[in-house]
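*Asks:* As given, the protein sequences belong to chains A and B, one line each in that order.
The numbering used here puts the first residue of the first sequence at 6, with every later residue one more than the last.
The numbering used here puts the first residue of the second sequence at 2, with every later residue one more than the last.
If you're looking for bench data, these hints aren't it; they were derived computationally from the structure.
Note that the coordinates shown come from a computational prediction; the quantities given were computed from them, not determined experimentally.
Among the hints, a few may not be true.
Claimed, not checked - Computed beta-carbon distance windows for the label pairs:
1) B:Asn142 <-> A:Leu131: 34 to 42 Å
2) A:Gly250 <-> B:Thr55: 55 to 63 Å
3) B:Asn280 <-> A:Val209: 47 to 55 Å
As the list claims (entries may be wrong) - Which residues of chain B face chain A? A partial, calculated answer using Cβ under 8 Å:
4) Asn7
5) Pro37
6) Phe39
7) Ser40
8) Arg77
9) Asp79
10) Pro104
11) Val105
12) Asn106
13) Leu112
14) Glu219
15) Gln230
16) Leu268
17) Cys274
Said to hold, decoys possible - With the C-beta cut set under 8 Å, the calculated list includes, among others, these residues of chain A facing chain B:
18) Ser43
19) Asn45
20) His91
21) Asp189
22) Gly191
23) Arg212
24) Ala219
25) Gln224
26) Arg228
27) Asn230
28) His247
29) Pro278
30) Leu283
Ideal placement from N, C-alpha and C gives every residue a C-beta, glycine not left out.
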Amino acid sequence: MGINFRQETFRDDYSFKNSPEQIRRFPFPFPEDKYMYSVNIEPHVPGLKDTVFEHLFDVDEHYISEMQDRALVLAEDPLRCQSLPHMELAGWDTLELLMTEKAKSYPDLFTLTRDGDKWHWINRPLGIDDHFTFGDSSTLPYGPLEYITRQSQGDFAVLDQRDNNLWMDAGIVTTQADWSLDFDIGMNFFEWHAPVPLAHQMGVFTRALKFLMAMQQGQPSRRHNWTMTINSRLDTSPENFHKWGTDRATVTPENVGQKVHLRVEVQMFFRLPRSNALLFPIRCYLLKMDELVTSPKWARRFHRVLRDLPNELAEYKGLVRYRPTVVEWLSKYDDGAPTSAGLGPD
Amino acid sequence: MKAGSNRIEAVVTNVVAVNELVKRFHFERADGGLLPTFSGGAHIVVEMRDDEKTRLNPYSLMSSPLDTRDFRISIRRDDVGRGGSLFMHRKVKPGDRMVISNPVNLFSLDLRAKKHLMIAGGIGITPFVAQTSQLAAGSGNFELHYAVRNDALASYADVLKERHGSRIHLYRDDSGETLDLARVLATQPLGTHLYVCGPAGMITWVRNTAAAAGWPAERVHFEHFAAPQPGKPFDVRLAVSGVDIQVGEHESLLEAIEAAGLDPPYLCRGGVCGQCETNVISHDGKFLHNDHWLSEEDRQSGCKIMPCVSRFEGKSLVLER
């Protein structure tokens, strides 16, 4: 496998950056030169080598550093991981899914040995070697959801399905685009999506809920979403808005390349077998503008997308203040040439 | 993307006559591995290749969710149905290869419940056999009331009594034993959820009795698969694909659409999940709606049909498929 894990930070001195190989595999989200909402759901099946879709759960060069950042967030604010009492079984479902997939995809990094309910888990990058009893939380240092998601990149929402709706009844959320698990816990699908503009009128959520409720085990799906982040901060949470909100006023033509990031979320949906709950992993990828423009196609296309983005969406994504500066900066990389079809960097 | 396309190659490893009407079928993976984990209340769809005809029928899993070396279903013989149960009873033997689907749960336990109160009638016992195994393993609180015609047809009553003792209450019709539902409902602790699976009349009775006693609808769960009924053949035009089909007497509209090479989504094939809902472009005749999905307005409008269970009588029917 040979992943060269980077030692880096997502706060303070922001030493995060992507290697050239990691830039090539960035999940660029725009199939055309403009953007509008769509449900954009596709089957989540293992994909091409050297893409983030090669395995069901991608492990990349930021793994160790992201897990260290998660531990820091949880130490300051334990409510970032919550599980209502009826969701423990879904926590075990999540643990089983992540352990079996990681061990299958990256056998040199992770090993799972099962003897009935006696399990042995080895996570070599994080130096973990634990024996525990599946189903017995007292044999783990944390609840099953927190235990395994402290070892898995991306946020995880666990949705209970009942009364013809989905309910945000468990999760771990430390790398989020300005939403709060502590605020949303116990809400249903329409309640937690209430702040999203335009999409309700378009009927997007009614259709999406119908699709998600019919999700079957063994047939996961994925979609993506995007926003922008100033500085490579993973934890852009409402709880810590005072720490990062003002960063948005610090963008200048001189620092766009290093300070401004395209933030892409690969969102996945898995039906969990024991609990019949729905697991919703939200994996965040960051790309600096300097890194983005190493692909001329991405530079042209993102310039056009950002320039023509409807105001309501720019407002909702929190881009209004610095959008003109970034569009101006990107325009230098857009000669007006047509862009090729597809998402790849050319 | 097609729901329900995740098929599993399986081998029938055992066929057991439970009583004069019910047989139990055991399936293992053809490749010898473990079957998928599932939750109590889930069903699988079994593909039956009966000469030229392919039937896909849903059956509740009744084996323990804790043991997925095999899947077990129990099928009651229906002598006047479309022939799926007769095929299973008469033709399927140990060693046969069959294709089954991944489990789908449309009747899952509400894990917030302080107590699970279950009401079963006849073959409606099967999802509860799995759910009680799941709950007993996790020290869940439950109570099961099971109405049967007589001792001879009380499928699994002995097994359930042996496993769960006084939590199981049996009512034999021929002995004049009746379930005093109003009294049972009146004595439940706060936080109890009610589940019912059985004949349509029983489900209606339980839901009405619970509603009259002030139980919120969110606390009342029911499994209501309507088996597709046979009926007169009818012709259909599938406008999108430009195909004309005939639906045979013992065939469902969904099966006829599939036989024409189309791949509409489905989950339950029993008129409850809504996946196969199909728009009607035009019709001249009468719909025989047998589903539990469409609203009264939908039915009045004549604009929608659920092809898994519903039929049509008349001159012409054009569907958006």
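*Asks:* Each hint: holds or not?
*Replies:* Verification of the hints:
{"no.": "1", "hint": "B:Asn142 <-> A:Leu131: 34 to 42 Å", "result": "39 Å, holds"}
{"no.": "2", "hint": "A:Gly250 <-> B:Thr55: 55 to 63 Å", "result": "60 Å, holds"}
{"no.": "3", "hint": "B:Asn280 <-> A:Val209: 47 to 55 Å", "result": "20 Å, violated"}
{"no.": "4", "hint": "Asn7", "result": "5 Å, holds"}
{"no.": "5", "hint": "Pro37", "result": "6 Å, holds"}
{"no.": "6", "hint": "Phe39", "result": "6 Å, holds"}
{"no.": "7", "hint": "Ser40", "result": "5 Å, holds"}
{"no.": "8", "hint": "Arg77", "result": "25 Å, violated"}
{"no.": "9", "hint": "Asp79", "result": "27 Å, violated"}
{"no.": "10", "hint": "Pro104", "result": "7 Å, holds"}
{"no.": "11", "hint": "Val105", "result": "6 Å, holds"}
{"no.": "12", "hint": "Asn106", "result": "5 Å, holds"}
{"no.": "13", "hint": "Leu112", "result": "4 Å, holds"}
{"no.": "14", "hint": "Glu219", "result": "5 Å, holds"}
{"no.": "15", "hint": "Gln230", "result": "24 Å, violated"}
{"no.": "16", "hint": "Leu268", "result": "6 Å, holds"}
{"no.": "17", "hint": "Cys274", "result": "7 Å, holds"}
{"no.": "18", "hint": "Ser43", "result": "15 Å, violated"}
{"no.": "19", "hint": "Asn45", "result": "13 Å, violated"}
{"no.": "20", "hint": "His91", "result": "4 Å, holds"}
{"no.": "21", "hint": "Asp189", "result": "18 Å, violated"}
{"no.": "22", "hint": "Gly191", "result": "11 Å, violated"}
{"no.": "23", "hint": "Arg212", "result": "13 Å, violated"}
{"no.": "24", "hint": "Ala219", "result": "6 Å, holds"}
{"no.": "25", "hint": "Gln224", "result": "5 Å, holds"}
{"no.": "26", "hint": "Arg228", "result": "12 Å, violated"}
{"no.": "27", "hint": "Asn230", "result": "20 Å, violated"}
{"no.": "28", "hint": "His247", "result": "36 Å, violated"}
{"no.": "29", "hint": "Pro278", "result": "4 Å, holds"}
{"no.": "30", "hint": "Leu283", "result": "12 Å, violated"}
Checked against the numbered hints given earlier, this structure breaks hints 3, 8, 9, 15, 18, 19, 21, 22, 23, 26, 27, 28 and 30; the rest are met.
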